[in-house]
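Asker: The lines below spell out each chain.
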Amino acid sequence: MRLRRVVDHARHGAFADRVCRLYRDRAEFARRSRESLAEGITTGQQVWCISPGAPNALPAELAGLSSREAASRDGGARVVSLGSAYPAGTAVDPESQVRVCAEATEAAVAAGYRGLRVAADRTALVATPEQLAAFVRYEHKVDRYMALRPFTAMCAYHHSVGEHASAVLATVHPADNTDATGFRFSDDPVTASALSGELDLANGELFGATPRTVDPVLEAGQIVIDATALEFIDHRNLPRPAEHAVRHDSELVLRGNRAGRARLRQALELHHVRVEPAA
Amino acid sequence: MTSTHSAVFYRTDADYLRALVPFVVEGLAADEPVAVAVPEPRLRLLRDALGADADRVTFIDMYRAGRNPGRIIPTVLHRFADSHPDRHVRIIGGPVWAGRTPTEYPACAQHEALINLVFTGRRVTIACPYDSAGLDPLVVADARRTHPQLWDGHHRLASPDYDPHAVINAYNRALTFDNATAMRFRVASTGGIRAARTWATTHAERIGLGPARVADLELIVSELTTNSLLHGGGDCLLALHDHNGHLVCEVADAGHLANPLAGYLPATPGSLGGHGLLLVHQLADLVHTHRTPRGTTQYAFLALPAATTDRSPAPAT
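Chains as they are written, first to last, in numbering that gives the first Met the number 0: chain H, 0 to 278; chain A, 0 to 316.
Misleading hints may appear alongside valid ones.
What the simulated footprint calls covered on chain H by chain A, stretch by stretch (three residues with Cβ under 8 Å from a Cβ of chain A suffice, anywhere in the stretch; the number is not a length) [as the list claims (entries may be wrong)]: (1) 231-239; (2) 255-265.
Taking CB as the label site, the calculated pair distances span [said to hold, decoys possible]: (3) P128(H) to D177(A): 53 to 63 Å; (4) S82(A) to A219(H): 26 to 36 Å; (5) S83(H) to L271(A): 42 to 52 Å; (6) R113(H) to P210(A): 42 to 52 Å; (7) A208(H) to A64(A): 31 to 41 Å; (8) R46(A) to H163(H): 57 to 67 Å; (9) A258(H) to S82(A): 21 to 31 Å; (10) E102(H) to R183(A): 51 to 61 Å; (11) A258(H) to S270(A): 20 to 30 Å.
Simulated from the structure, these hints should not be mistaken for laboratory data. Even for Gly, the Cβ is constructed at its ideal location relative to N, Cα and C.
Next up, chain A with everything else stripped away, as it sits in the complex (with noise of 0.2 Å):
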């Protein structure tokens, strides 16, 4: 058996329960490894369900963990399943929630996208609840087009909109901001990329950016920036957004990223380079990517201090 990727439609909590208790206890009782990996409170909610046998399962809270929906794969998924690399694993991991802002979603599907072509031939079963009564109706129809499977937790089906590309392509899109108050930095040459750092580091204290974020962007503004460097055409166009109670790291070059996984996948141990886009989204609250043939634009959002303390944890749904 390989990789099984399942959306789990649900309206209340008893669908809920009733889906995913016996998923996890049918994957312990053939010793396979479990993960939970969900938002609080639904994280409780399976815990309490679970009784004894939430001792033998890991629990991850996909708030914290899946705050960037970028970093789910190789934090999450591909790590606890790299820990059991001899063992069929199963992982309930749920990365849309009610309180997803319109920004973060095209991050989200675009990563249940992906999850299809990372697992591809592994032993891997993945479950993701999705809430068909309170997500808006076009989650609920790109879950239809992200999962190859579908379960209400009665009835499972191959789903008949399966088509991850589809969805990967329909949220490759430019972001737009206000160009008036843009702060713009071009990097020509090497030594650029340290004036790029300071340049950056200059405005985001000024913008209010607290200092542990701000060590956080003179890494995301260095990886980027070299990345272009290297493989975006030699030069490009570093912007500083202050939108929306983020500061937003805009990187633009004219190389064409054509792997959609880049950033996605673990670090190999031992290597020199190769992991930018990976750090990037270790260390920024969301990265979006707008490829194309002509070139490639990197947005890293950096949470401000103001936004971060107004970010309750998600409701209930």
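Chain H extracted, bound-state conformation (with noise of 0.2 Å):
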């Protein structure tokens, strides 16, 4: 699985292809976008900055780039508004808005660019409940193809978000800048979705919803987590994922057989839950 951090730039390097960034005002999310996307020109990646409005009212997020005509001048950075990007004022579609990801990628690919980085202001898809359920879900999506794909993106929101809900957009990113959560949900190309980090009492209740938001991937009667960087998981947390494996009526597989996890399972008797060492 790929690793995950806490992050306080917002250049990407080798660790996070996808960065959780929450600012506090534009000046902010402009800079970061700018540190972002020089990041990107400079790996050889075709470069957006989606945010809200028109693209002609947007000249900030890219002014520190200017000095860089050449990538200009060849289509290798826009500025894209966010309603041409997203689908404005209403829940997105998880898996519409992955393809869209990646046509945009393979055009980028196919123009001869080294992949595409974003860097986009997203506070206004997840105004509703409903809204972040299903950006949540996108996010979470997105990963495998990422883990696959020369995609890349800091994902920033406006701290009005609110705890909750930056809390939970947190959960489903490799990097984000706050470390409020503890514990990360991300996809994984093997095994289709990885825990990581530590979960009690402190994230339990953010924990419990994450799994039915994220709606992990169920194969062959299986729902299987690559469990192998998660730290600990404490008596609570461990049969919330076997919920929701039995609520599919299939069996919750933990890879990574770290000590006391299966002394966990046999005391609290999950036999629907089984532990297995790492692929």
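Once you've looked at the hints, go ahead and assemble the two chains, each given alone in its own frame, into the complex.
Answerer: Structure follows, in structure tokens:
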């Protein structure tokens, strides 16, 4: 599985292909966008800055990139309005949105770039609980595509989205600038889903809502979760993904048998949970 | 017929078999599932004496299954009874043997007392053998207080001393350790649970607890401190003691754990939470609880490697 971490800058580096960034004002968003997109240009990616409003009203985000005229002239850097990249005012359709990202990435690659880098202000896309739930599902699903293809993103949200929304969004990103959640739930190209971090009373309520929202992939009667980077899970939290498996009449397989996990399963008599060694 | 809980007093192997072989055979004749949960070598003694009937009996080595007396009710007695929900079951349960230490014994006596509260109304007959020649007279006296029925192989009678709550209360004591060597860590918020795990495992590794047991300790610390934050007034003091071959994890809070059965009942399938103490009993070698209206202290014992190797099987009694 891919590594997860907390970041305090907008550069992605080798660890994270999708950074969740909570920002406080437009200047911060513009600064972080420039950092992220400049890194994308340096690595030969086509870069998009996606923000509310018309493209010609958004010069600030790319102002710092103006010296890179070569990249801009041939379409290497674009400013895209939020409304043209995402369905405005409604919940995204996760599958369709992944396809949109994939088509844009493949077009960039076909045009000779080494991939697509997006810096997007998505605040307006998570205004309601329904929008948030749909977007979290999209974020989880796009993880798998990003693990396989050269699509990277800085997903920015204004702090006005609130503590709950920002925490939920952070749990489905490989990296973020808050470290408020203590765990991450990501898509993984091999096991479909991966859990990392530590789960206890501090984040149990947040974790409880996540499997249902993320809706891990069910294959052959099993929900397989790569838990090799899950450093700790207590007895209140292990039954949560297990309960999700039961709802789907399936078995939960936790891959990565850290000491104590099998004891937990045995003591709680969770017969529909299997703990097995990492692949 | 509902539950019966008898102390069976014996002085010799012949006494032992004279009382318990018929107990098993009568149960089998009545088509009742029978389990024998006693430590070796008594387990082998009964198995051999039963001959072909032994094939119809579930044998459990109590020395392993009942190492921590606090897990006998949920994982031995309850599990066997629950696996035959529509039948009357018979169980021979021997939680006390001559090798029990003074630290372990109070949990054995409390276990015997709690059986009476757990199986009220259940179709269960439990017989608990006591070596009246080899065990301390105090142990025999406690058995008379924790068993409503006494049996010497010939006669059965109602115990005139029966008072299980008196035994539960008598052993409800604080434990004392060397304060000079104790290590302490206060947990006052949910964020502190993670820090407590890290703190405890770091010290445990330094003291010499093996990797598998460090993982057990990590769960124990997390579950006990979580319980304290949820039910114990919002904060707790965690302490570790390197004591007499054991690492002792002590968690003290200001809550009152009023229910003496907390941690002694099996997990409810599908429930989220509520089984932290049950889990601690499964993971620890011994759990002692001191309950008062002003606060609760839990002590979970984990044998250090040297102590584990020193623990030879209990001698024959």
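Asker: Hint by hint, note whether the structure agrees.
Answerer: We went through each hint and held it up to the structure:
1. 231-239: holds (count 6)
2. 255-265: holds (count 6)
3. P128(H) to D177(A): 53 to 63 Å: 55 Å Cβ-Cβ, so the 53 to 63 Å window holds.
4. S82(A) to A219(H): 26 to 36 Å: holds (30 Å)
5. S83(H) to L271(A): 42 to 52 Å: holds (44 Å)
6. R113(H) to P210(A): 42 to 52 Å: Taking Cβ atoms as reference, R113(H) and P210(A) lie about 44 Å apart, which means the hint holds.
7. A208(H) to A64(A): 31 to 41 Å: The hinted range 31 to 41 Å holds for A208(H) and A64(A), with Cβ atoms some 39 Å apart.
8. R46(A) to H163(H): 57 to 67 Å: holds (60 Å)
9. A258(H) to S82(A): 21 to 31 Å: holds (28 Å)
10. E102(H) to R183(A): 51 to 61 Å: holds (60 Å)
11. A258(H) to S270(A): 20 to 30 Å: holds (24 Å)
The structure fails none of the hints (numbered hints given earlier).
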